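Going down the list, the sequences are from chains A and B. So that you can map any letter, position 57 of the first sequence is 56 in numbering that gives the first Met the number 0, and since no number is skipped, the others follow by simple counting. So that you can map any letter, position 245 of the second sequence is 244 in numbering that gives the first Met the number 0, and since no number is skipped, the others follow by simple counting.
In case anyone wonders, no lab produced these hints; they're calculated from the structure. Some clues are possibly wrong.
To be verified - Heads up, incomplete: computed chain B residues facing chain A, CB under 8 Å, no partners named:
id : residue
1  : S103
2  : I126
3  : G128
4  : T130
5  : Q132
6  : P250
7  : T251
8  : K252
9  : V259
10 : L279
11 : K281
12 : I289
Predicted, not measured: the structure shown is a model, and the values here were computed from it. Beta carbons: idealized from backbone N, C-alpha and C, even for Gly.
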Amino acid sequence: MNNVFVYCEIEDSIVADVSLELLTKGRDLANQLKCDLEAVAIGYNLKEIGKQIFPYGVDKLHIADDKRLEYYLTLPFSSIVINLFKKENPQVALFGATSVGRDLGPRISSALVSGLTADCTGLVVGDYDDPKTKKNYKNLLYQIRPAFGGNIIATIVNPEHRPQMATVREGVMKKEIFKHNYSGSVVNINVDDYLNDTDFAVKIIERHIEANKIDIKKSSIIVAGGYGVGSKENFKLLFELADVLGGEVGASRAAVDAGYVEHDRQIGQTGITVRPKLYIACGISGQIQHRSGMEESAIIISVNNDPEAPINSIADYVINGNVAEVLPKMIKYYKMNSK
Amino acid sequence: MKGLKIIVLAKQVPDTRNVGKDAMKSDGTINRAALPAIFNPEDLNALEQALRLKDKYKGSTVSIVTMGPGRAADIVREGLFRGADNGYLLTDRAFAGSDTLATSYALSCAIKKIEPFDIIISGRQAIDGDTAQVGPQVAEKLDLPQVTYAEEIISVENKIVNIKRRLERGVEIVSSPMPVLITVNGSAADCRVRNSKLLMKYKHAKTVSELQNESDDYIKLQKERTYLQIKEWNVSDVSADKEALGLSGSPTKVKQIDNVVLQAKESKKLTSDDKDIDFLIKELVENHTIG
Ligand SMILES: Cc1cc2nc3c(=O)[nH]c(=O)nc-3n(C[C@H](O)[C@H](O)[C@H](O)COP(=O)(O)OP(=O)(O)OC[C@H]3O[C@@H](n4cnc5c(N)ncnc54)[C@H](O)[C@@H]3O)c2cc1C
Numbered sequence: 000m001n002n003v004f005v006y007c008e009i010e011d012s013i014v015a016d017v018s019l020e021l022l023t024k025g026r027d028l029a030n031q032l033k034c035d036l037e038a039v040a041i042g043y044n045l046k047e048i049g050k051q052i053f054p055y056g057v058d059k060l061h062i063a064d065d066k067r068l069e070y071y072l073t074l075p076f077s078s079i080v081i082n083l084f085k086k087e088n089p090q091v092a093l094f095g096a097t098s099v100g101r102d103l104g105p106r107i108s109s110a111l112v113s114g115l116t117a118d119c120t121g122l123v124v125g126d127y128d129d130p131k132t133k134k135n136y137k138n139l140l141y142q143i144r145p146a147f148g149g150n151i152i153a154t155i156v157n158p159e160h161r162p163q164m165a166t167v168r169e170g171v172m173k174k175e176i177f178k179h180n181y182s183g184s185v186v187n188i189n190v191d192d193y194l195n196d197t198d199f200a201v202k203i204i205e206r207h208i209e210a211n212k213i214d215i216k217k218s219s220i221i222v223a224g225g226y227g228v229g230s231k232e233n234f235k236l237l238f239e240l241a242d243v244l245g246g247e248v249g250a251s252r253a254a255v256d257a258g259y260v261e262h263d264r265q266i267g268q269t270g271i272t273v274r275p276k277l278y279i280a281c282g283i284s285g286q287i288q289h290r291s292g293m294e295e296s297a298i299i300i301s302v303n304n305d306p307e308a309p310i311n312s313i314a315d316y317v318i319n320g321n322v323a324e325v326l327p328k329m330i331k332y333y334k335m336n337s338k
Numbered sequence: 000m001k002g003l004k005i006i007v008l009a010k011q012v013p014d015t016r017n018v019g020k021d022a023m024k025s026d027g028t029i030n031r032a033a034l035p036a037i038f039n040p041e042d043l044n045a046l047e048q049a050l051r052l053k054d055k056y057k058g059s060t061v062s063i064v065t066m067g068p069g070r071a072a073d074i075v076r077e078g079l080f081r082g083a084d085n086g087y088l089l090t091d092r093a094f095a096g097s098d099t100l101a102t103s104y105a106l107s108c109a110i111k112k113i114e115p116f117d118i119i120i121s122g123r124q125a126i127d128g129d130t131a132q133v134g135p136q137v138a139e140k141l142d143l144p145q146v147t148y149a150e151e152i153i154s155v156e157n158k159i160v161n162i163k164r165r166l167e168r169g170v171e172i173v174s175s176p177m178p179v180l181i182t183v184n185g186s187a188a189d190c191r192v193r194n195s196k197l198l199m200k201y202k203h204a205k206t207v208s209e210l211q212n213e214s215d216d217y218i219k220l221q222k223e224r225t226y227l228q229i230k231e232w233n234v235s236d237v238s239a240d241k242e243a244l245g246l247s248g249s250p251t252k253v254k255q256i257d258n259v260v261l262q263a264k265e266s267k268k269l270t271s272d273d274k275d276i277d278f279l280i281k282e283l284v285e286n287h288t289i290g
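The whole structure should be built from the sequences, with the hints applied where relevant.
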């Protein structure tokens, strides 16, 4: 009872990275709160799903396996989770900040009258003194998130209501196997206890979902381009540099909006979060919404013709120059020096 | 088919996208007063979807519902200028400090007063919070199905709405019975601009509070032209429970606010000269960052 719960998103029998990242965070929180970590998996053909989930330190896995649940649908999925939470009373419940988690989370929080914080960038256990009631709360979940368009960072708590719910974007937390042979118990949910026909009022007529083709998150070197790259043509230089360095190409929103590269490469608050060994920012000014997705990179190089560009203040190396001139030189000298 | 009754939920927000230098105070905090108040961008996408349904299905009506301070009546007017038929402003001190849950409760109380309706449309999220929670929470409170991340409301046939959703890696087409709540993505069609005839017609649309400072003649004129009345509702008008509103109705509390401070690193300054680039690459190869 009162454990930490993580909702696991599943597509094509594979647990989403964001869910595994949350399991890693959930394990850490459960250790601090001295409770168990439980996971919820809803879908179809989930007999083997535990193999992917238990190594992240899950003590109990709740499975709802039914043909009708092959694809995410708001009403049946929320109905199952709401009923499960009513029974289990989690103290913390985490969801991916994806189109699924952001559809499901609010529905659940409304039904359970519990607080939900979207797009957290940090989850920390701590105490809270209510300034009005003077009541002291131990071991709450601090839900830390950028607010106001990323211009401030807010720490949110839910003192009285349970579960304390939060969504987190993919790539924000680190994914780490807890123990390869960690084992927990499986509880099979009898879905008919929780569902009725009206839950299937919304029907999926067509579905075209592509597998994650570009996955720059795993790359240890990222060459990212912004609006200052100037054209789709110039972006080829970034692909060339990334190619010789064995890295991937990322982008700012302005570059994506300008159509220079596909949206999958967008880094930042409304894109993905990366923390590579090396981040080369080319023609990126470094607005807060972009920085929040890359500032934990180990080494940052900024190539910018404006010496005052905000990105320069978090860069380890600042190259004052033009992208089209600097990148070919980087490629040339890398080829000369790397052998 | 008889016309659809459509409700659009819209919010007035500070324009957080343009937090320029004058919006930051010297101590690093935000000067909210320096930010223009705008129609939340995705709510405009929502309005456009509503107006397209109105164009397509004769006899349909579009009502704007907004919650906020008195000046949020601007949102209703803006909606009228673009093609909405009427609007409601929920305004009361008791609403202040509401988190998404308390906000959705207030909105759901108002919607119950407006019933019956066929479709509620809102933007996916507001740019001052980026939570995307209010839509689904309103749907839950009204016990409605919800369709989020909509890019296009394709058609309405036999009381069934067909909707295209834009997800991270693709699209999904779903059908839902009415009534339903739909939230619309920024990837949907842009909203049409103001219509000059409607601008003339609704320029003087006002709430009761806004009329207070006007002359008697003006008020008399307003009374005759009922279409100029923006309905203004407070907590008791929508029969809401005060305890479920504002701070007391909000499970989430803000513990702390920190300003985003740039921690300047010691950076090495280089130029685009060959020797500088050569130096940089050598250093990165030597410390095994690359190579
Ligand atoms: C709610 C919200 C969410 C957002 N989410 C994101 C997000 O996830 N990711 C994101 O990136 N942004 C996001 N943004 C947008 C963000 O605020 C910035 O607008 C965006 O990051 C700017 O991109 P940029 O740096 O490429 O463009 P600009 O700000 O236009 O900067 C271009 C830079 O290129 C330099 N430059 C120009 N020409 C050259 C040249 N020839 N050689 C070298 N340098 C040159 C310029 O000096 C400048 O520094 C978001 C905004 C909002 C409001």
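Here's how the hints hold up against the structure:
| no. | hint | result |
| --- | --- | --- |
| 1 | S103 | holds (6 Å) |
| 2 | I126 | holds (6 Å) |
| 3 | G128 | holds (7 Å) |
| 4 | T130 | holds (4 Å) |
| 5 | Q132 | holds (4 Å) |
| 6 | P250 | holds (3 Å) |
| 7 | T251 | holds (4 Å) |
| 8 | K252 | holds (5 Å) |
| 9 | V259 | holds (6 Å) |
| 10 | L279 | holds (6 Å) |
| 11 | K281 | holds (5 Å) |
| 12 | I289 | holds (5 Å) |
Checked against the numbered hints above, the structure violates none of them.
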